[in-house]
Structures are given as C-alpha cells and as structure tokens.
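A.B. asks: The residues making up each chain are set out below.
Protein chains: 4
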Amino acid sequence: MASTLIAIVAGVGPGTGASVARKFAAAYPVVLLARKPENYENLAKEINQSGGKAIGISTDISDSASVKNAIDVIKKEFGSDVGAAAAIFNASGGFLRTPFLGLPEDVFKTSIAVSATGGFIFSQATLPLLLKGVELKSAHPPSLIFTGATASVKANAQMASFATGKWALRALSQSLAKEFGPQGVHVSHAIIDGVIDIPRTKEWLKDAGPDAKLSADGIANDYWNLHTQPRTNFTWEIDLRPAVEKW
Amino acid sequence: MASTLIAIVAGVGPGTGASVARKFAAAYPVVLLARKPENYENLAKEINQSGGKAIGISTDISDSASVKNAIDVIKKEFGSDVGAAAAIFNASGGFLRTPFLGLPEDVFKTSIAVSATGGFIFSQATLPLLLKGVELKSAHPPSLIFTGATASVKANAQMASFATGKWALRALSQSLAKEFGPQGVHVSHAIIDGVIDIPRTKEWLKDAGPDAKLSADGIANDYWNLHTQPRTNFTWEIDLRPAVEKW
Amino acid sequence: MASTLIAIVAGVGPGTGASVARKFAAAYPVVLLARKPENYENLAKEINQSGGKAIGISTDISDSASVKNAIDVIKKEFGSDVGAAAAIFNASGGFLRTPFLGLPEDVFKTSIAVSATGGFIFSQATLPLLLKGVELKSAHPPSLIFTGATASVKANAQMASFATGKWALRALSQSLAKEFGPQGVHVSHAIIDGVIDIPRTKEWLKDAGPDAKLSADGIANDYWNLHTQPRTNFTWEIDLRPAVEKW
Amino acid sequence: MASTLIAIVAGVGPGTGASVARKFAAAYPVVLLARKPENYENLAKEINQSGGKAIGISTDISDSASVKNAIDVIKKEFGSDVGAAAAIFNASGGFLRTPFLGLPEDVFKTSIAVSATGGFIFSQATLPLLLKGVELKSAHPPSLIFTGATASVKANAQMASFATGKWALRALSQSLAKEFGPQGVHVSHAIIDGVIDIPRTKEWLKDAGPDAKLSADGIANDYWNLHTQPRTNFTWEIDLRPAVEKW
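Protein chains in written order, with the UniProt record's numbering: chain A, 1 to 247; chain B, 1 to 247; chain C, 1 to 247; chain D, 1 to 247.
If you are wondering where the hints come from, they were derived from the structure by calculation, not from laboratory data. In this text, all values refer to a predicted model and were calculated from it rather than measured experimentally. Accuracy of the hints is not assured; some may be wrong.
Unchecked claim - Here are some of the chain D residues that sit facing chain B, going by a computed Cβ distance under 10 Å:
{"no.": "1", "residue": "F95"}
{"no.": "2", "residue": "L96"}
{"no.": "3", "residue": "P99"}
{"no.": "4", "residue": "Q124"}
{"no.": "5", "residue": "K132"}
{"no.": "6", "residue": "L136"}
{"no.": "7", "residue": "S138"}
{"no.": "8", "residue": "A139"}
{"no.": "9", "residue": "N156"}
{"no.": "10", "residue": "Q158"}
{"no.": "11", "residue": "S161"}
{"no.": "12", "residue": "L169"}
{"no.": "13", "residue": "L172"}
{"no.": "14", "residue": "S175"}
{"no.": "15", "residue": "W224"}
Said to hold, decoys possible - No more than 20 Å apart at the CA atoms, straight line, and that leaves these computed lysine to aspartate or glutamate pairs for EDC-like:
{"no.": "16", "chain 1": "D", "residue 1": "K68", "chain 2": "B", "residue 2": "E105"}
{"no.": "17", "chain 1": "B", "residue 1": "K68", "chain 2": "D", "residue 2": "D106"}
{"no.": "18", "chain 1": "A", "residue 1": "K45", "chain 2": "A", "residue 2": "E77"}
{"no.": "19", "chain 1": "B", "residue 1": "K154", "chain 2": "B", "residue 2": "D207"}
{"no.": "20", "chain 1": "A", "residue 1": "K53", "chain 2": "A", "residue 2": "E203"}
{"no.": "21", "chain 1": "D", "residue 1": "K68", "chain 2": "B", "residue 2": "D106"}
{"no.": "22", "chain 1": "C", "residue 1": "K36", "chain 2": "C", "residue 2": "D63"}
{"no.": "23", "chain 1": "A", "residue 1": "K68", "chain 2": "C", "residue 2": "D106"}
What the hints assert, rightly or not - Chain A stretches covered by chain C per the calculated footprint, using a threshold of three residues with CB under 8 Å from any CB of chain C:
{"no.": "24", "region": "41 to 53"}
{"no.": "25", "region": "105 to 117"}
{"no.": "26", "region": "158 to 165"}
{"no.": "27", "region": "211 to 221"}
All C-beta atoms, glycine included, are put in the ideal place defined by N, C-alpha and C.
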C-alpha cells in the first residue's frame, strides 16, 4: 500500500488555523491539533462532510509527551510510514499588552512555552514526517510554516511577553530553514502584520473601511503558494498586511 | 471604448524580465523596456505570435526624458486613459566585485543611476498609470514590483557598488509601499538570493546539483502570486533562494 | 543617611561578567550574581581588597524565588531604599551546535530558561531599583544592559537552541528600552559577535593573530560608555567584533 | 620629520559636524570640509585660537575633482606622507517630506549625489590616508565614521528622497567595514534617531521637555568612543536617540 502524505496544523481556531486546514484539506488529509476539542470538532466534521479527510487530536503543543501522543495517533491512523507534505505551526499564547512591572510571570511563561518551546517540540515531532515526505517525492516540497506577527520583528513597549515568544519562534524558523532547506524541506515564516478578520475581531477597526483586516482565507492562500514553490525558489519569509495598514 | 490595463516590465533580458513578461502577457498586453532593442525584439515577437500582445520600447531607465518618451509611446498605443495593472522594475547595473580602492567611479555611478535614480524615474512614470488602474477597478490590485538581490540586504566586502544601489532601491520600495498601499497600489520588493538559471550562468554551480539555481519562471510565478493578493493581504517583501543555498 | 546606588551583575564568570564587575566597581558597590559561588568568590575578594565593595549572592536567574531572595539580601546589605545605577544581564545557557533532530529538549529549555525567562525575572527584579536610581538622581542614567551574541541576530543552522533564547532576550531588551527610556532608565543590548578572550578560549583562533578575540575589558569599557551616555543620547544597540572577524 | 595624523570632517555645519570637529581637534589637527566657507570659517578660527589646529577647504563632496583638490590641499599643508586618524562623513542633502508624485527629480538626485556618491568619493579619497594611519601606528585605530539617520533604517511614506540616499550610505559603510576592518581601519555607522539640538531646531519639540533633542556634543563624544575602541572590539553600528523618543 502506498504511503500517505498528510498536512498537520497546530493551533487550529476560528481564524488562520481553520482557513489553512480547509485549504490544505483540498490536497491532503489534515490533522488538526488544538488543546480544546471544541476548537477542531466542527472543522473536522465540515472537512469530512465535504469530501476531505480530517482528524482532530487534543494536544498541548508545549508538552512533548502530548505531542508524541499526537504523532502516535497519526501513525495509527495513517500508517507508520506516513509522510507529511506540510506542517503548519499557528499556535500562540501569552498575548498581553501591559506595563512590564505588572506583567504576570505565568503570562510571560505561557508565551515562551507556546511560541518557543511549542515551536521546538512541534518541529522535532513533524520534521521526521516532512523528511519522509521528501523521500516519498511529494508533488511539492514538504513545508514547515510558522505563523508570526508584527511582534515577531518589532518589540513594542508593554509587549514584552508576546514579542519575546514570537522573536524566539522566528529564530527557530530561520535556523530550521537553513538546516533543512538543503534536505528538501521548505521552512517559512509569515509575519502577519495586522488584525485578522475573525468573529472575535468583528467590532474592531470598523471605521477603517472594508479592507482594514487581513483575510484568513487570504493567509491560507499565501501559505499554499509558499507550499507550491519549487526547490529552486524557496521563500523563507513573507510579511502580510492590509493595504491601509500603517507600518 | 473601454480603457486598457497593461503591464510594464523594465529591464527585460534573457532571465527574470523575459519570464515575468511572458507570465503577465497571459493576462495583459505587456510593454517591454530595455536600452537595447535586441533585449526585447524576439520576446515581443514570441508573445505576439502566441496570442498575446507586446510592444518593446528602447528606453534608458535612468533618463527621465527617455522614460517620458516611453510613456508617450504607451499612450499612443493603448490610449491616453490607459491604466497599468502591473509595473515591474527589473533593471540593474554597476555589478562589480572588486577591492574598493580600485572601484571605478563610473561603475559606482552606474549602479546608482540604474537602481536608485532609475527606480525613482520608473516609479514616478508608472504610478499615475497604476493609480489609474485602481480607478479602473483592475481585477487584482495594481502592483509595482521591484527586483532585489542578496546585495539588497547584505553589503559584503568588495560589493560596495552593487549593494549601494540595491539598498537604495529597497528603501524606495518600502517608502512607496507605505505611501501607495492605502491608495490601492501594491508595492513589493523581492530579494533574489542566489544565481538565476539563464544562458549566461549555464556553467555556474554545476557541481551543486540540478536545483542550485533559481528558476526565472519560478520568480515570475511568485511575482504573479504577489500581484493576485487581495487588498486585505499585501506582502511588501519576499526572499527567494534555492533550497541548497547557504545563507 | 543617604541612599546607596549599586551595580548588579548577573552571570559573573571569568569573562565579560568579571570585567564588567571590576569596571563598575570603580564607581559603585557591586552585587555579583551567579549560581555557583566559585564564579564570584575570588572576584568579590579581589574587588574588596582593592578598595571597592562587592558582595556575591548565589542565584538561579531563571527562578523568581531565587532572584527575589537576592533582592532581599541586597536590601539587607544596602538598605531598603537602595537604588541601582546599573544592572547588567550577562547570563546565558543552552549553547549547543548540533543537528536539530538530536537537540535534547532540556538543552533547548535551558537556553529559554536563562535567556528568556531569566532576562524577564532579572528585569522585573532590578527595574524598581533602577527607577529608584532615577529618583535618586544618579550621576548617569541608570542602565540596564543585556549581553547578546552573533546568535541574537542570526539563527544559523544547528544553532536553534542558543539562537532562540538570544532572540527572545533581544526582543525583551527592545521592548524595555521603549517603555523605560521615557522613564529615565537606559536599556541597551550589545551584540558580541566573536570569541571573547578568556582562559577557556585560550587555544582558539591561535592562527588568526593577536587581535582575533574580543577583549572582555574592552566590552566592559563599552558598557561603561553606554552607561555614561546622557538622557539626550541613548544607544539601544551596539555590535562588537574583532577587526579581523568575517561577518 | 615625523608624519602627521589628522582628522577630516566632511559636512561641517552648526550641529554634529562642528561638535565632532571640536572633539577631535583636542587630539588631532582637523580639516573641515563644506561647500560654503561660512560653514567652517568661524569654527576653524575658534579651534585655532583655542590651541588647536584647523583648516577649512571649500569642497563639493559629490564631485571627485573637488575632493581630489581637497586632498591636494591637505598634502600641501600637512605633508605628502600625512595619515588620517579619523575621517567623518557628516554630509547630507535632499531632505524633503513630500508626496512622491510631487518629489522633484533634482531633490532626489541631490540626496543620491551627497549620500551615495558623496560617501563613495569621500571614502575613496580618505581611505588611503586612513591606511597610512594604520601604517603610522596611530594610538587608536584609524576610523571612518558615517552619520546616518532614522531614515537609514526606515523608509517612511513621503520620505523616498532622503531615505534612498541614507540607505545607500549605510550599505556603503557596511561593505567598507567588512573590507577594511581586517586592514585595521575601523568603519562605523551611527543612526541618529531624533532631532539634534541646534540653533535651527530651537523652536522644535519645545513641549517635550529639556531632553527631547539629541546633544551634538553628545554625538561627538560617542564618535570619539567609537574611535578609541581597540582592534579587538570594533563597533560597526550604534543608534542614538533621546530617552523620550518614541520608536
């Protein structure tokens, strides 16, 4: 039996994660990772009902035992010789804009645990599957894509928690891009510089016009474009922002 | 009569320029600018014969009178209410790796004349057409794309000439992205970090494997992907390099 | 009785930390923090015997209880109204150049614990003393200085552990510079881009000439120069490397 | 007769240039370059009357013949075996905040002529003297220092003219730092990120408090600190801004 190529999305919620999952589900079975099942259950159902294939696995991305368990579930489901065509790290945490001296230690540690340690654990767990994807000659180079933010490149006042984790994640992605590019895995980092248009942000930026927020489907499309770049033309980093954004 | 939307490519040669022209010619009449007619004549013929529409105009991009003349020719050909869907600046000059104290003044000035002044003149000439494209509600946001290089972000020893011009061009593109994004024009900058696979580089990197050089058609594809991003999701900058490239 | 102004150095060892402590000891009583007493005992003795004043406190910089204890010891020694003229974060950990798939989780976590969490804990503990230094009108603006590395701005292949922590620390320092600059505290980050000349590196770069390694005393001098900048002229970041270094 | 070591300052005016000249005049005879004699005459007189030595030479920094003439005057004055301990490029031009489509071509070209071409010409003319300074074993490594601005690292909307020149100059300085560091010349770039307190800016930022503007003497002091760094500890780049500056 032929080996399967899957896509794995960590940090599935109502925004980028869901759009990315839908986009990649058109080409690959997708695995949805989130801590809370309510974050992936409906999405998995939707994908499965519309002709795709999706499974959700409750996973704490900052806990290597939990991620190891997810990989075990994946191998049970798709075979022990499963390869990955894409792994997308979309998790984040520890966002709090606050004067530094009032920043709770646990918020700071959450940012680090998700963005830095979580990125590390996710990468160590998925890279063997991505390298397997290279071996299986996936149609497009297996891709490891990290979702960044404005705070990945600018550490503003009162943003020490989120920025610290996001800079760490960007460093991780750059190091991996340099190490695994020559091995055929395409590692990318996307700087999402603006507000994403999701239910939670419905009331934000209402006066800034209809195009003031990033489209999550648009982000998913850009991730797909990164994924389909050939080995000769890898992009490590893109930035994405609404046309009207000040930067 | 309906207004026409065109694509303008400056710096047409056997590599990126030609690939970009072919790619955009599938959607728009294209205008090919180069100093020497032999750089665009065959390409224009090829595009016209395969069902597209192309005209070439001999233009010195660093000379505002020459570029003004090109705009006049464009308006005569496509109507005075012509708009641009895309303008791509792919010109460069003054490349010379040499100890600084032996760098001829005219080489340095050529780099500056093409990359800095040329970028400025091309942008001032095409932005009114791109803004006209916004007005004409082009299917994709009118795009002004600049071709950069490794030397756009790293100024290595003995590379003062080329790097100086390329950093200047990157600054120009960033300032324009911030000013014209809110007006609906998508300004991008692409860092081409590696050798492009063209006839002139045929013998280069032969030992580095079949994927060691950038594909010009791949670059054209990435430019097209930039062009088709919606107003909600503009990328200012991408980097592009072969998977095996050290960076 | 007048309040005292002290300097606190975290991460005292045989290199930068000791040189910085000696330099600042010429102006202020210094507090030396390191996990192992053998890292500060001789240095404290040396400073005390040569007319300065130094105390060492065994401290785990990544543990907020341990750092809180250090602050208690400081207040007991110098008075509860003690202010800080300088706090220098020179700790680091988790350095390991290794293929990513063989990088032990605990090494990665050490890098993060020291550089990210440690930087956070040290800053939350010392900033109140530095703000007290502003209030006490210290002769030079109270300074919080972070020691970075090449890996703070470049995440090379096989360097994911160290680079991730160092990028995080740089983000922290930038956010703090923006928040606390207007409050009178000078926050800086120094990119040490090269090998420091200490006993442990005696055999390194022997063929590269006498000036191929950074002088720790030179670094201390640069930190002092940062410290003595007036409020009108704050530097956030400097890079430091031997003249012969390739970069 | 012993060879002389001088300092050369290009772009002498009432601000940074004058402060730098005074600072370096305490250690070296200084050569003041500016287009208009009224920009250096009083300063030269002041330095000569207070025990230093200064000569002014009317020079168009963007014109290689004019700069060659300045070098001839220098050699006539100080001997053909004169060396330079420092060369400081403080010239700038083409500052105009304006919508891009209204930016006059001559303003853009002035920015480029001064910052890019002027930087090139000044460097080619002074580096032989700086290398001579290395040979003469100057007390501090001969230094070539470039004055940058906020616009050297950020190209804001409507700032295309100034930013383009300043990015070009930064590229030049980086390339020269990499090439001439190993030869013993210390090349630096200073990002002056704020308003400098000079007669022309007297009325600016009056509500922002007494420390809202950079001190020109402070900048001169920082340049001197760069100059006195030993070969083991070279800084390429520093940023400088008032404590209260938003960035």
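A.B. asks: Looking back at the numbered hints, which does the structure fail to meet, lowest number first?
C.D. replies: 1, 2, 5, 6, 7, 8, 15, 19, 20, 24, 27
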